[in-house]
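The whole structure should be built from the sequences, with the hints applied where relevant.
So the sequence shown is numbered by this note's numbering: it starts at 21 and just counts up by one.
What the hints contain is simulated information worked out from the structure, not anything from laboratory work. Idealized CB from N, CA, C, for every residue including glycine. Among the clues, some could well be false.
What follows is a list of derived Cβ distance ranges for each label pair [stated by the list, open to error]:
id, residue 1, residue 2, range
1, Q174, E151, 12 to 20 Å
2, S146, P92, 48 to 56 Å
3, P170, P92, 35 to 43 Å
4, G77, Q174, 19 to 27 Å
5, R68, R166, 14 to 22 Å
6, G87, H133, 17 to 25 Å
7, S155, E90, 39 to 47 Å
8, D136, G87, 22 to 30 Å
9, L65, S149, 39 to 47 Å
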Amino acid sequence: MVPRGILRAVALVACCAAFLAARAGEGLPAFHRLIGALTGPDRVLRYRASEGLGALGDLEAVPYLIGVLEDPDPGLRALAGSALSRLTGRGWGQDTGRWRGWWAEQGEALIQHRSDVGLRAVAVLSAPSYEARLSAARTLETLGFREGIPALIQALGPPELPFRWRCARRL
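In structure tokens, the structure reads:
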């Protein structure tokens, strides 16, 4: 069994790392730094930003990535199409028309649904049932719901080691 001090140290290190990352990025969250790099002049940063937005899992990146599909750089267009497919599960590649139509019809509803589910999962993190809390932590992981980070940090307190491990992993 892992001592409580070690798990608290992990949470403290995660908080310190988040603080230092925010300071290094001039206080901007990773999402906003990636969006800025996506439209910047540095080709390599634009490539990395496109990949990063796909990995971040935030549906709010979709309109920015759709805009990149019209970039003259074919490599960047390919990365943006791949990131869009990763974010949405759709395999439309670089078809700008299909992406724009789909986003116009369903984009806001998807973001709202993700937010609603994430907020419900945050509320369940304090439930008495271990299984419910574990399911909520998994849901937050699957959604990539950044707004749930403070609740995950707070949830490191319960004594069940697998639940604490899951919360620490999500951070």
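Hints, one by one, checked against the model:
The beta-carbon spacing between Q174 and E151, approximately 19 Å, falls within the hinted interval of 12 to 20 Å. Distance hint check for S146 and P92: the Cβ-Cβ separation is about 51 Å, which falls inside the suggested range of 48 to 56 Å. Distance hint check for P170 and P92: the Cβ-Cβ separation is about 42 Å, which falls inside the suggested range of 35 to 43 Å. Here the CB-CB span from G77 to Q174 is close to 22 Å, well matched to the stated 19 to 27 Å.
At about 20 Å, the beta-carbon gap between R68 and R166 stays in the expected band of 14 to 22 Å. Distance hint check for G87 and H133: the Cβ-Cβ separation is about 23 Å, which falls inside the suggested range of 17 to 25 Å. S155 and E90 have their C-beta atoms about 41 Å apart, which keeps the hinted 39 to 47 Å range intact. The given range of 22 to 30 Å is respected by D136 and G87, whose C-beta atoms sit roughly 27 Å from each other.
The hint said 39 to 47 Å for the Cβ distance between L65 and S149, and at roughly 45 Å that hint holds.
Violated hints are absent here; each numbered hint is respected by the structure.
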